[in-house]
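Q: If you want the building blocks of each chain, they are given just below.
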Amino acid sequence: AQSVTQLGSHVSVSEGALVLLRCNYSSSVPPYLFWYVQYPNQGLQLLLKYTSAATLVKGINGFEAEFKKSETSFHLTKPSAHMSDAAEYFCAVSDLESNFGNEKLTFGTGTRLTIIP
Amino acid sequence: DTAVSQTPKYLVTQMGNDKSIKCEQNLGHDTMYWYKQDSKKFLKIMFSYNNKELIINETVPNRFSPKSPDKAHLNLHINSLELGDSAVYFCASSQGGLAGGYNEQFFGPGTRLTVL
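Just so you know, the protein sequences line up as chains V and W, in that order.
If you're matching positions, the first sequence starts at 7 in this note's numbering and goes up one per residue.
If you're matching positions, the second sequence starts at 97 in this note's numbering and goes up one per residue.
Just so you know, not all the hints are guaranteed correct.
[Unchecked claim] In silico DSS-like cross-links for lysine-lysine, where the CA-CA straight-line distance does not exceed 27 Å:
1. W:132 x W:148
2. W:132 x V:75
3. V:110 x W:163
[Stated by the list, open to error] Just a few of them, taken from the derived set where beta-carbon distance is under 7 Å, the chain V residues facing chain W:
4. 52
5. 59
6. 115
Keep in mind the hints are simulated off the structure, nothing from the lab.
All C-beta atoms, glycine included, are put in the ideal place defined by N, C-alpha and C.
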C-alpha cells in the first residue's frame, strides 16, 4: 500500500516569508500525488496535483510543488506567505491499483500552517 | 450552486441512536466517496460508490451503511452510534472513468457529528 508522511504537524512562518511544507511518499512505482488545503470549518480544496507530467507543478494561490523521485518527496512551497494562507494542508497519494470507481486517496496527517503578522 | 453539499452541517446525538447524513453532487460525476476526519485531523476513506455500485469498503464497522439511490446522491446511515464515531464526515465526488487515480475529488463542507 502507498503512503505519505508529512513532516511537521505545525509550521509557523512570518507574513512575506517562504512557505515550505514537507511531504514524502512511499511507493514502488511513480504515484499520483496531491496537495489539498482545508480552511477552518470547510471542506478540502485541491491546490495542485502531480500526474507524471512535469515534475514542477504549479497550483492555485501561488503554490507549487516539485516531484523528486530520488528523494521520494513532493514538498509544497510558496515564495511569500499571506495571512490568508493560514490553514491545514494535506498531502495525498492515489492508489495506483485504482481503476474505474476505485480512486482511493490516502492522506498524510496534515500540517497546520500559521502565518505570523 | 454548491458542487457537493451535505446535510446536516452539525449533528449532535446520544449514544445508541441511529442517524443519517446526506450528500448530493451536481457535477455530473460518476463516483462518490465518504471520508472520516478524526479529532487529530486524520482523514481516511470509508466508502466509494460508482454509478450506485459499492466499490471501496474500508474495514468500516457494519453499523455504517452507505446508500446511493442514484449517482448524484450518497447517504451514510449510522446505527447504534458510539462515542468513537464523533468526527467530521466528508463526502466527495470525482468523474471516474480514467484509470490511474487521475481524477480530482471535490469535497463537500463536512458534517460534524458529536456523539454524547
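Q: Between residue 110 of chain V and residue 163 of chain W, is the straight-line Cα distance small enough, at 27 Å or below?
A: Roughly 19 Å between the alpha carbons, so the hint for residue 110 of chain V and residue 163 of chain W holds.
Q: Would you settle whether the hint for residue 59 of chain V is holds or violated, based on the nearest Cβ-Cβ distance to chain W being less than 7 Å?
A: It is violated, given that the least Cβ distance between residue 59 of chain V and chain W is near 11 Å, above 7 Å.
Q: Can you verify the interface hint for residue 52 of chain V: is its Cβ closer than 7 Å to any Cβ in chain W?
A: OK, holds: residue 52 of chain V within 7 Å of chain W, min 5 Å.
Q: Please verify that hint: residue 115 of chain V, Cβ, nearest Cβ of chain W, below 7 Å or not.
A: holds (6 Å)
Q: Given the proposed pairing of residue 132 of chain W with residue 75 of chain V, does the C-alpha separation stay at or below 27 Å?
A: violated (30 Å)
Q: Are the Cα atoms of residue 132 of chain W and residue 148 of chain W separated by 27 Å or less?
A: Since the Cα atoms of residue 132 of chain W and residue 148 of chain W sit roughly 20 Å apart, the hinted pair holds (cutoff 27 Å).
Hint compliance for this structure: hints 2 and 5 are not met, and every other hint is.
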